[in-house]
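Peer 1: Chains A and B are the protein sequences, given in the same order.
Letter 85 of the first sequence, counting from 1, is numbered 85 in our numbering, and no numbers are missing.
Letter 291 of the second sequence, counting from 1, is numbered 291 in our numbering, and no numbers are missing.
Calculated from the structure, these hints are not laboratory results.
Watch out, some of these pointers could steer you wrong.
Any copy, or any two copies together, can satisfy a pair, since identical chains are not distinguished.
Said to hold, decoys possible - Think about it this way: if two alpha-carbon atoms lie no more than 30 Å apart in a straight line, the pair counts; the simulated DSS-like pairs of lysine-lysine are:
hint, residue 1, residue 2
1, Lys28, Lys205
2, Lys86, Lys183
3, Lys205, Lys86
4, Lys312, Lys150
5, Lys183, Lys312
6, Lys28, Lys55
7, Lys312, Lys178
8, Lys178, Lys150
Since the model is a prediction, treat every value here as computed from it, not as a measurement.
Protein chains: 2
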Amino acid sequence: MAVYTDIDDATLSAFLDEYDLGPPLAFKGIAEGVQNSNFLLETRKGRYILTVFEKRTRRDDLPFFMGMMAHLAAKDFPAPLPVPAKDGNPLRTIHGKSAVICTFLQGMSPRRPSHEQCRELGQALGRFHVALADFRMRRPNDLSLPAWPKLWEGRASAADALSPGLASQIDGDMEFLKSNWPKALPGGAIHADMFPDNTFFLDGKLSGVIDFYFACSDFLAYDIAVCLNAWCFERRGEFNLTKGRALISGYETVRRLEPRERSALPILCRGAAMRFFLTRLVDLAATPKDALVKPHNPLDYAERLGFHRQAKSPEDYGA
Amino acid sequence: MAVYTDIDDATLSAFLDEYDLGPPLAFKGIAEGVQNSNFLLETRKGRYILTVFEKRTRRDDLPFFMGMMAHLAAKDFPAPLPVPAKDGNPLRTIHGKSAVICTFLQGMSPRRPSHEQCRELGQALGRFHVALADFRMRRPNDLSLPAWPKLWEGRASAADALSPGLASQIDGDMEFLKSNWPKALPGGAIHADMFPDNTFFLDGKLSGVIDFYFACSDFLAYDIAVCLNAWCFERRGEFNLTKGRALISGYETVRRLEPRERSALPILCRGAAMRFFLTRLVDLAATPKDALVKPHNPLDYAERLGFHRQAKSPEDYGA
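Work out the full structure, taking the sequences as your base and the hints as a guide.
Peer 2: If you want it as structure tokens, here you go:
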């Protein structure tokens, strides 16, 4: 839940004067997204989401995110389209913070994705990568391998407090990842956070992907690894092989994996689990105990790391 | 900001099966209301607000609120209409809590109401009272005179901590209110919480009134007193006489005040300020310091009490 910035009617009216959208007919803060403040906005022209970027999103990164969304929308991928203001620029300022108005996408986020939804998601991820093949902007993945030791530093006792013995396992994972991380794989623009709550479905079909604010340039197969972690594990920590197969075969209906990408899946999955374990551990420490925003449990990703440690081959993931 | 109850897609689908609204096209938690959880819901039939009642709203009171809203909507007053489920009852249960789906109202809540908006609000309040003149359900006002000593008990030091000397002034107000509170005035169904953020405006006209969960049976003029407190004071605590005149004359274009109602306005305003001072004081003590819900400042209403203490006559309020 996130509405960190308060926008009154006078501020909104002045802000909308910079656009050709007409006056507001409705405006409500919504509980979507954890990093930024989001508002549902309606005018006679249609419905939109106004996002105000809070401190965790860097201003310099915004043109990359805007460019990616506009590129995808131009290719008929169901991504929100940043709406240009009268001067042609979709990036504005409100209360001194960067802000953007994007088109509204219909649909519902799945809570417990079915294997059909995993197939659909895999296919959408393939279309996403293909649509961005000619996207020219670059942004390094600042939450990949080089960032992990810094995130981990000083957190061993926090990890052991969650689960005794976890810290030494994480140390081992860190060593393994550092020694075995792939050097060269097909790369490009990735979403890097395509979790179920960042997708919408309507009538069984994927109708939207949102929240591009971790998007970056990295190995395409790393995006698959993020999704295998986020979509294919069950509540008690088991990997659902049927869902993994559905996700990967869905992807391959659009873009074939190269043999080296396929072989790299186990290590990429382990790395992706490490990334979310670490950021959740950091967020847990940073969140006051009685805050209304509930931090995600890092242990979910510690469990996934456990699976990845014993996984031997791409077949263990359904590839 | 308030989304206390988490509703996943499977729960929502099962819940909507009880209605003739079709499947959900969009569903988002919204930051409206502090007491209950609210969600924007869209289906092919239209847009709605799903409210889940949290513990502060008593289940036994819900039929009164539902009846009032349905009565108002039937008289073309712009109130949300509770949508009946297939069995004809708009009151349902979700996750063991009472819940209702109401129609969506367009418009924007004014932050700093203009005197035109005060006139419009006064007129709407008059229409509200007239529309409910034949509403037969009753609910006592459980936040009126008899409730205040209980709310105040044990809070003198909290009041003095906010402003030294405030506690003895409140004691004096309590005595005065007890001795002078009117015994008999025209009564009926009142909203009792028609603050600017519970109203919507479109093109300068009032387009909606929401949040009926303090509505009750009381003196009609007490509703005016609540509005004079909520709409006609400026940021630094001054009463804006132009706004007060606009509100009262707007009301009287629909329903004339009787002389005894007019004379009672100063004491009713003082009582209404006491009610909101006390509940804000209670809420302040109950809210954890780092919670995301910011409690309202009781001092705003201590300032208003200061004005009411020195006000001599209805003319001081614009009547």
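Peer 1: Confirm or reject each hint.
Peer 2: A quick look at each hint next to the structure:
In this homomeric assembly, Lys28 and Lys205 come within 30 Å of each other (Cα to Cα) both inside a single copy, at 27 Å, and across copies, at 19 Å. Neither within a single protomer nor between protomers do Lys86 and Lys183 lie at most 30 Å apart by alpha-carbon distance, with minima of 45 Å and 60 Å respectively. Taking identical chains as interchangeable, the C-alpha atoms of Lys205 and Lys86 lie at most 30 Å apart only when they sit on different chains, with a minimum of 28 Å there against 34 Å within one chain. In the homo-oligomer, the alpha carbons of Lys312 and Lys150 lie at most 30 Å apart inside one protomer (28 Å), although the nearest pairing across protomers, at 68 Å, exceeds that limit.
Taking identical chains as interchangeable, the C-alpha atoms of Lys183 and Lys312 lie at most 30 Å apart only when both belong to the same chain, with a minimum of 20 Å there against 82 Å between chains. Taking CA atoms no more than 30 Å apart as the test, Lys28 paired with Lys55 passes in both settings, with 21 Å inside one copy and 23 Å between copies. Only within a single protomer do Lys312 and Lys178 lie at most 30 Å apart by alpha-carbon distance; the minimum there is 18 Å, versus 79 Å between protomers. Proximity of Lys178 to Lys150 under the C-alpha cut-off of 30 Å is restricted to the intra-copy arrangement: shortest distance 13 Å within a copy versus 65 Å between copies.
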